[in-house]
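Novice: The chain contents come next:
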Amino acid sequence: MTDTDILVEVRDLKVHFPITKGVIFDRTVGHVKAVDGVDLRIPRGKTYGLVGESGCGKSTLGRALLQLTPPTAGEVVFDGVELTTLPAGRLRTMRRRMQMIFQDPMSSLDPRQNVESILTEGLQTHGIGAGRDDRRRIIGETLDAVGLPRWALSRYPHEFSGGQRQRIGIARALVLGPELIVADEPVSALDVSIQAQVVNLLDELQDNLGLTYLVIAHDLAVVRHISDVVGVMYLGALVEEAPSDRLYREPLHPYTRALMSAVPVPDPDVEDRRERILLAGDLPSPANPPAGCRFHTRCPWAQPTRCVDERPALREIGASRVACHWAEQIASGEVRPHKVEVQVTRPLDEGENPQVVSAPTEPGSYV
Amino acid sequence: MTIAPGKKKQKIDRLAELAARDDERGVSLWQEAFRRLRRNPAAIVGAAILTVFVIVAVVGPLLVPFGPSDTIGIREGLIRPGVIPGADGDHWLGYDHQGRDEFSRLIVGARQTLLVGVVSTLIGLAVGALIGGVAGAAAGLGGRWGRWLDSTLMRIIDMMLAMPSLLLAVSIAALLGASLTTVMIAVGVVSVPVFARLLRGSMISQSNSDYVLAATSLGVRKPKIALTHVVPNSLAPVIVQATLTLATAIIEAAALSFLGLGNPDTAIPEWGMMLAEAQPYLDIRPGLAVYPALAIIVTALGFTLLGEAMREALDPKLRK
Amino acid sequence: MALLEVDDLCVTFSRRGQRPVRAVDGVSFAVDAGEVVGLVGESGCGKSVTSLAIMGLLPKQPGLRVGGKAVFDGTDLLQLDDRSRRDIRGRDVAMIFQDPLSSLNPVIPIGLQVTEVLTRHRGMKGAAAEKEAARLLDRVGIPDPKRRLKEYPHQLSGGMRQRALIAMAVACQPRLLIADEPTTALDVTIQAQILELLKELVRDSGTALVMITHDLGVVAGMCETINVLYAGRVVETARRRPLFRQPRHPYTVGLLGSVPRLDAGRGERLYPIPGSVRDVLPWPDGCAFAPRCSRRVDACVGEPPELVLSHDDRAYRCVNPAPLPGVTPGADVRATVPTLAEPGSVPAQAVPDDPPTVPGLNPAPREEEKP
Chain A
6 MTDTDILVEV
16 RDLKVHFPIT
26 KGVIFDRTVG
36 HVKAVDGVDL
46 RIPRGKTYGL
56 VGESGCGKST
66 LGRALLQLTP
76 PTAGEVVFDG
86 VELTTLPAGR
96 LRTMRRRMQM
106 IFQDPMSSLD
116 PRQNVESILT
126 EGLQTHGIGA
136 GRDDRRRIIG
146 ETLDAVGLPR
156 WALSRYPHEF
166 SGGQRQRIGI
176 ARALVLGPEL
186 IVADEPVSAL
196 DVSIQAQVVN
206 LLDELQDNLG
216 LTYLVIAHDL
226 AVVRHISDVV
236 GVMYLGALVE
246 EAPSDRLYRE
256 PLHPYTRALM
266 SAVPVPDPDV
276 EDRRERILLA
286 GDLPSPANPP
296 AGCRFHTRCP
306 WAQPTRCVDE
316 RPALREIGAS
326 RVACHWAEQI
336 ASGEVRPHKV
346 EVQVTRPLDE
356 GENPQVVSAP
366 TEPGSYV
Chain B
17 MTIAPGKKKQ
27 KIDRLAELAA
37 RDDERGVSLW
47 QEAFRRLRRN
57 PAAIVGAAIL
67 TVFVIVAVVG
77 PLLVPFGPSD
87 TIGIREGLIR
97 PGVIPGADGD
107 HWLGYDHQGR
117 DEFSRLIVGA
127 RQTLLVGVVS
137 TLIGLAVGAL
147 IGGVAGAAAG
157 LGGRWGRWLD
167 STLMRIIDMM
177 LAMPSLLLAV
187 SIAALLGASL
197 TTVMIAVGVV
207 SVPVFARLLR
217 GSMISQSNSD
227 YVLAATSLGV
237 RKPKIALTHV
247 VPNSLAPVIV
257 QATLTLATAI
267 IEAAALSFLG
277 LGNPDTAIPE
287 WGMMLAEAQP
297 YLDIRPGLAV
307 YPALAIIVTA
317 LGFTLLGEAM
327 REALDPKLRK
Chain C
258 MALLEVDDLC
268 VTFSRRGQRP
278 VRAVDGVSFA
288 VDAGEVVGLV
298 GESGCGKSVT
308 SLAIMGLLPK
318 QPGLRVGGKA
328 VFDGTDLLQL
338 DDRSRRDIRG
348 RDVAMIFQDP
358 LSSLNPVIPI
368 GLQVTEVLTR
378 HRGMKGAAAE
388 KEAARLLDRV
398 GIPDPKRRLK
408 EYPHQLSGGM
418 RQRALIAMAV
428 ACQPRLLIAD
438 EPTTALDVTI
448 QAQILELLKE
458 LVRDSGTALV
468 MITHDLGVVA
478 GMCETINVLY
488 AGRVVETARR
498 RPLFRQPRHP
508 YTVGLLGSVP
518 RLDAGRGERL
528 YPIPGSVRDV
538 LPWPDGCAFA
548 PRCSRRVDAC
558 VGEPPELVLS
568 HDDRAYRCVN
578 PAPLPGVTPG
588 ADVRATVPTL
598 AEPGSVPAQA
608 VPDDPPTVPG
618 LNPAPREEEK
628 P
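Residue numbers (the numbering used here), protein chains in the order written: chain A, 6 to 372; chain B, 17 to 336; chain C, 258 to 628.
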């Protein structure tokens with residue numbers, strides 16, 4: 006993977022949100038370590054998938070990569086340019102090359118803008134297109150690319166269905182001709198039959214335009230479907246990274262195994278056959294993560310030594326990178342799973358928990 | 017249950033037509049809100065009341081049969097101690113205690129009421145929206161300095177909110193001396209904190225929305241985002257509040273007049289003042305108090321009905 | 258006779274000045290004791306309204322009409338007055354909702370909310386009720402139940418809240434449990450825990466479970482009989498394996514083709530259903546799925562398709578269902594999906610191997626009922 010053309014490189018990225026208290030003067034009483042030291046590389050033209058449960062910091066990572074949330078520490082190198090230290094003006098110019106697709110197509114579109122205005126905004130900001138007609142041509146081509154009819158231009162977001170709205174969101178990102186697209190839960194707010202349309206569209210666009218994707222989702226099946234490489238996050242850090250197929254065939258980290266076994270497969274035979282690894286309890290609070298391996302409180306393979314006091318680094322095993330002290334022994338069956346006592350975790354105060362944005366929004370089920 | 021082939025063909029054609037979709041223009045949120053408003057009977061009633069009120073206020077004074085300060089009753093010797101005559105053929109609502117035509121005074125008073133209501137609400141809206149807008153923009157988009165500016169402005173607003181509104185208005189009126197301008201300023205100032213808080217809150221919640229993040233990721237500058245996205249989307253509740261404030265402004269202006277802090281120019285009738293003047297004659301002619309009171313109530317009701325209907329029409333949660 | 262038999266359930270919302278909306282249109286299904294039945298469909302298909310109608314929980318508003326029957330153990334739930342319905346609710350029939358936080362009262366401790374149910378339906382009081390409540394929380398896997406009883410819903414995590422809600426639902430050992438998207442708001446690892454818990458409850462106590470979800474993976478692992486809903490109608494009913502192996506209704510075929518599978522390779526093509534649920538026929542009769550259907554024929558837009566009972570204990574509401582492999586040579590189920598609809602190209606009739614269409618909207622007879 007080192008010899009390929011790397012478009013984005015993230016080095017030891019950290020995003021810590023202060024937890025503040027106080028009536029008149031805010032004082033910082035702690036930090037939510039939403040992202041706590043992540044290294045990853047995305048090759049040009051490929052898709053990097055990031056999975057994890059809500060609160061694992063995957064959305065924050067995506068935003069920090071695009072400098073929408075200022076990182077606390079670390080570097081983001083985009084095509085040779087370090088973004089974290091870039092002056093605001095130059096960063097704005099760079100934004101043309103990296104765009105974002107949001108989870109909720111309704112809330113990510115300004116309800117008072119019609120589609121034409123939504124698509125023109127970015128063009129105007131970056132001075133793309135000579136005059137109105139040229140812009141109209143660019144917008145028209147983009148609409149074709151995402152499969153929206155021309156009459157959509159004069160319409161407003163609320164007049165479209167969920168899937169069409171997501172297409173508008175994709176068009177907005179695409180119209181600037183970006184190289185990187187960060188898609189944060191691009192399909193989780195959509196109905197099943199619509200999800201597939203959008204997934205196929207993303208695939209198609211990548212083939213035609215050579216886009217590079219960072220796809221962030223909680224749905225492992227979706228991520229595996231569109232990604233070349235998948236990174237699994239747990240409590241602000243990567244626990245495993247592997248090529249898509251290898252991750253499914255040979256999950257090395259205990260958390261990946263548990264996650265994999267928890268995803269329901271629409272096939273009764275598979276469902277009946279497989280063995281579930283049920284994790285005990287909930288995700289610990291990212292404000293007060295466990296010492297040592299962050300997963301050891303829920304890990305069925307946790308060992309009394311090392312796991313509790315030494316935080317495992319990502320290390321290469323074959324084509325994968327794994328942050329587990331005992332990955333080889335678990336793979337060979339040397340270390341056996343055991344029962345885990347449930348530890349109670351408190352949900353963080355809603356208002357002070359900026360990273361819980363990736364919870365799957367339910368498809369509206371009432372009428 | 018079988019259908020004639022011709023009809024079936026029609027249906028298939030219709031299906032194809034539907035797939036091709038027509039080319040009509042989109043409906044913006046405002047247009048859709050207006051459509052919903054038109055379907056709401058409360059809005060229709062409110063709008064009808066207000067239309068009548070505005071027409072009366074604008075053209076009424078030109079058409080009234082008698083001058084509002086023409087003391088016909090005294091001239092003709094109809095007013096004697098303990099006697100205020102009621103309605104007769106020419107004077108539909110009778111005379112007031114000075115023998116002036118009550119109906120003409122009510123009509124001419126409408127203009128005064130409308131003027132005070134609209135101007136004071138505009139004062140409150142302008143000042144409140146300015147403070148709230150600055151605070152909201154500072155809090156939603158700014159960094160450390162933005163937060164500081166926002167808290168400072170909001171503490172000032174909190175202090176204003178802590179004072180009872182009528183007391184605040186009375187103090188301002190007493191401080192500046194009684195005049196029409198004073199009434200407008202006093203009533204306007206009272207509604208400043210309401211508008212400021214509303215716009216700020218609305219802007220902050222809009223600033224946290226995904227489309228603001230999307231605009232940021234497009235590379236749009238922060239001031240432009242505030243002006244083109246945040247403010248327009250925060251205005252709906254402010255407009256609703258303005259309509260509702262018109263009702264309270266009218267009532268408050270009447271209250272100030274009632275307390276003798278209104279327009280000192282007694283030549284121009286005003287509903288609150290008429291109400292105050294009618295007080296000593298409640299036992300002889302209760303109608304003198306009832307008519308202006310009814311006028312105030314109905315007008316305020318009109319604004320409230322329309323305001324509530326607008327709130328419903330603009331509420332995104334009620335959208336299908 | 259099954260424990261719950263829903264027959265021709267119709268729910269219509271009508272608003273002044275608007276065309277009435279048939280949220281649920283002739284839904285029929287049956288649940289036996291100890292059986293898990295799934296209602297699957299996308300948003301707007303009427304699955305939640307169905308459950309709310311059965312429970313009598315639809316908000317009372319003018320213009321709401323509920324028709325049909327929902328016979329639970331000999332009594333028609335739809336005909337009950339409020340009082341006796343409340344008696345049945347919680348004691349015999351219980352419901353679990355999607356969002357545990359909004360289903361729990363935020364200002365009352367969990368313990369009190371559980372004991373309330375025990376007092377109301379089982380007449381338990383004081384220490385006995387508290388002890389039972391603690392036992393229930395322990396039963397649903399909440400650690401340190403005695404302390405949890407005194408805590409408020411916001412102090413628990415999402416998974417724990419859902420467990421508390423399940424504890425309340427099973428407090429009176431109901432004979433029927435209706436779970437409306439019980440795991441949609443939860444993470445996958447927590448979802449797995451909750452599903453396992455529900456399975457256990459069904460296995461241990463013989464409770465019948467109606468599982469309402471949009472997730473085909475969830476029903477594949479849990480439900481014995483599955484009803485697929487589209488636009489307020491049951492479009493296909495089948496046992497679990499036949500449904501997933503040989504879906505007949507084009508909508509079911511489409512749904513299965515749309516879901517990316519964990520065990521499929523990278524880039525394996527998905528076959529989405531074109532259009533969206535919003536595309537409906539501009540007239541009320543005819544198959545609601547027709548505008549999106551790849552197997553549409555003339556007959557689809559004429560009249561509502563009747564329920565076809567197939568030879569293998571299943572039923573579907575389609576005039577041109579996906580052929581069974583082996584019966585129609587060379588027609589693979591998946592291969593029918595991506596082809597574009599060509600109206601008028603296929604003769605409008607049911608597939609020949611099916612028995613004649615049953616008139617009316619009777620549910621398919623189930624294995625258990627047959628002599």
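These aren't lab readings, by the way, just hints derived from the structure by calculation.
Treat each hint with caution, since some may be false.
[Claimed, not checked] Within a straight-line C-alpha distance of at most 27 Å, the following computed BS3-like cross-link-like pairs (lysine-lysine) qualify:
(1) A:K26 x C:K407
(2) A:K344 x C:K403
(3) C:K456 x A:K344
(4) C:K456 x C:K403
(5) A:K344 x B:K238
Novice: Does each hint fit the structure? Answer for all of them.
Specialist: Comparing the hints with the structure gives:
For a cut-off of 27 Å, the pair hint linking K26 of chain A to K407 of chain C stands: about 26 Å separates their Cα positions. In summary, the hint linking K344 of chain A to K403 of chain C is supported, as the alpha carbons are separated by about 22 Å, within the 27 Å threshold. Note on K456 of chain C and K344 of chain A: the hinted pairing holds, with a Cα-Cα distance of about 20 Å set against a maximum of 27 Å. Of the supplied pair hints, the one linking K456 of chain C and K403 of chain C holds, its CA atoms being roughly 25 Å apart against a limit of 27 Å.
A threshold of 27 Å between alpha carbons decides the hint, and for K344 of chain A with K238 of chain B the separation of about 52 Å lies outside it, so the pair is violated.
When the structure is compared with the earlier hints, a violation turns up for hint 5 alone.
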